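Just so you know, the sequences run in chain order X and B. Residues 32 to 323 in this note's numbering are what the first sequence lists, from first letter to last. Residues 32 to 323 in this note's numbering are what the second sequence lists, from first letter to last.
Warning: the hint list may mix true and false statements.
Where chains are identical, the list cannot tell them apart; a pair therefore holds if satisfied intra-copy or between any two copies.
Claimed, not checked - Okay, derived cross-link-like pairs now, SDA-like style, lysine to any residue, Cα gap no bigger than 20 Å in a straight line:
(1) Lys245 / Gly85
(2) Lys90 / Arg178
(3) Lys90 / Arg34
(4) Lys245 / Asp93
(5) Lys90 / Gln311
(6) Lys289 / Ser257
(7) Lys188 / Pro126
(8) Lys95 / Arg34
(9) Lys90 / Gly163
(10) Lys95 / Thr261
(11) Lys90 / Ala284
(12) Lys180 / His87
(13) Lys90 / Thr227
(14) Lys95 / Glu316
(15) Lys90 / Pro126
(16) Lys206 / Met129
(17) Lys90 / Cys158
(18) Lys289 / Ala42
(19) Lys95 / Trp291
(20) Lys245 / Leu50
(21) Lys95 / Val48
Hint data in this document are derived by calculation from the structure and do not stem from the laboratory. Remember, predicted model here, so these are calculated numbers, not experimental data.
2 protein chains.
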Amino acid sequence: MSRLSDIGEDALVERLVRLVPVGDAAEGPGDDCAVVDEGGERLELLKTDGMVEGVHFLKGADAKAVGWKAVARVVSDFAAMGGVAERFLVTVALPGTMEVAWIEGFYEGMGVCLERYGAKLAGGETCRVPDGSAAVISIAATGSVGRGKVVLRSGGKVGDALWVTGRLGGSLAGKHLSFFPRVEEAAWLVEHFRPTAMMDLSDGLAKDLPRLAKASGCGFRLDGGSVPLTEGCTLEQALCDGEDFELLFAAPADGAPKEWTERFPGLELTRIAELVPAGQGEVLEGGWDHFA
Amino acid sequence: MSRLSDIGEDALVERLVRLVPVGDAAEGPGDDCAVVDEGGERLELLKTDGMVEGVHFLKGADAKAVGWKAVARVVSDFAAMGGVAERFLVTVALPGTMEVAWIEGFYEGMGVCLERYGAKLAGGETCRVPDGSAAVISIAATGSVGRGKVVLRSGGKVGDALWVTGRLGGSLAGKHLSFFPRVEEAAWLVEHFRPTAMMDLSDGLAKDLPRLAKASGCGFRLDGGSVPLTEGCTLEQALCDGEDFELLFAAPADGAPKEWTERFPGLELTRIAELVPAGQGEVLEGGWDHFA
């Protein structure tokens, strides 16, 4: 009898989505958000996400920071599609032994992040897990993107260069709890750099770069020496730590727009790889897999 | 230091919603779904829900039935607003030791229920809980209701009669895994009986009836002898078991429309209580509370 830990996350998801009616209008599964076309000027975006105590945050973690992260992770997914998150729903499954002050701090942290990114809480659900079980928090959100502005993972072309914002690696030193989703940066890139494919880096470049290339029907060639490293981090950490929440995107292989550094001083934009025909290029291993 | 088990679910939710920006457009929190008015002919409805292994389903429970229930619970919330669920998002937080066949069965069951009620899966997320922790499943959904058709919990008036569909109690004998959400019934009632307030019975009449009365700014007087009991159940079970997923609604105190029995043969529609001025009437105790 095969178990989840035997098959890994991507294979599991591929098996599961065959078992249910999937929306015709949705571009997903496989993108950062599902895309729903109701015919208006804007497309609706939908996303759900999960955070587990002991996996995405530690038992003693600052509650406000965990609340910030829960919302910021999802805001980052909307940014990666070129869109914005608007209304949030939160399900918290908690042990009865949990301190009220902790969950209040968590809600306060969510509130600060919602406020910062112009979003609102539309609904929530609280339920109890048996004492001793890990707390689980699930955040779902609706949002939107202008028609013609949406960027999928699947639009990359052979010859496109691959870029990342910021520096990678070392999230566990604290960045994973206090990052700022690249909302303004993504919107600017969509206007000025016309990415053909984009995603946010949540599971590490080693996991996410092959996903973007595969979704675009391409292979890739990574220039390891060009990967921008967080101070004190190795290339291995930059590839595998995960939870960078930087943008990874493909764009025709011209230079980056020089206005970038004026608009976002101090935030690197680095060309790290290129898309090549499927079957060529490299294989990367590592990165975060929930089950493997 | 106070813990969740000290304060109970309703008090917790009241404290939490003060800590975050809540949508102006949303009628919630406190209704079965949040209501978002984007100005179109239909209002958008949003809902999130959680199910925990060992609480909402047992470890050995049939996976397909659990999947059906996960979707049906949420469909029932949309029905209770007079609306329909359209697009679903699912977050599953599972131990790595879980059998792949179980989660595949769960997705199959979700698929059957989505199909039955004309809804689609728009997105999902899988994450891992530590081995030994309870599996947690969170389902969020978007849907809609015609402008002017939406029924809140808060519209009940002093003098309205309170009605329930079907029979109450005994959900643990199996009904909680195989119920049919009252979608057609709710839509028919909205057209023909004009409920002033409505909700679905998920935590037991003893918990949910006071909630509806309070949301409407009323007290209530229950006629215990009139509560329709599932065969073999006591009044205590009908009040407190929870997970009936029948409709509870208020309507001006005329008789029920006689076309009901033609349209829904075999499904009782029973007058069980009336709304009275706040502070009068009774207090009911019991029903399901996640934390108390």
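Q) Can you give the numbers of the hints that this structure goes against, from lowest to highest? A) 1, 2, 4, 5, 7, 10, 11, 12, 13, 14, 16, 18, 19, 20
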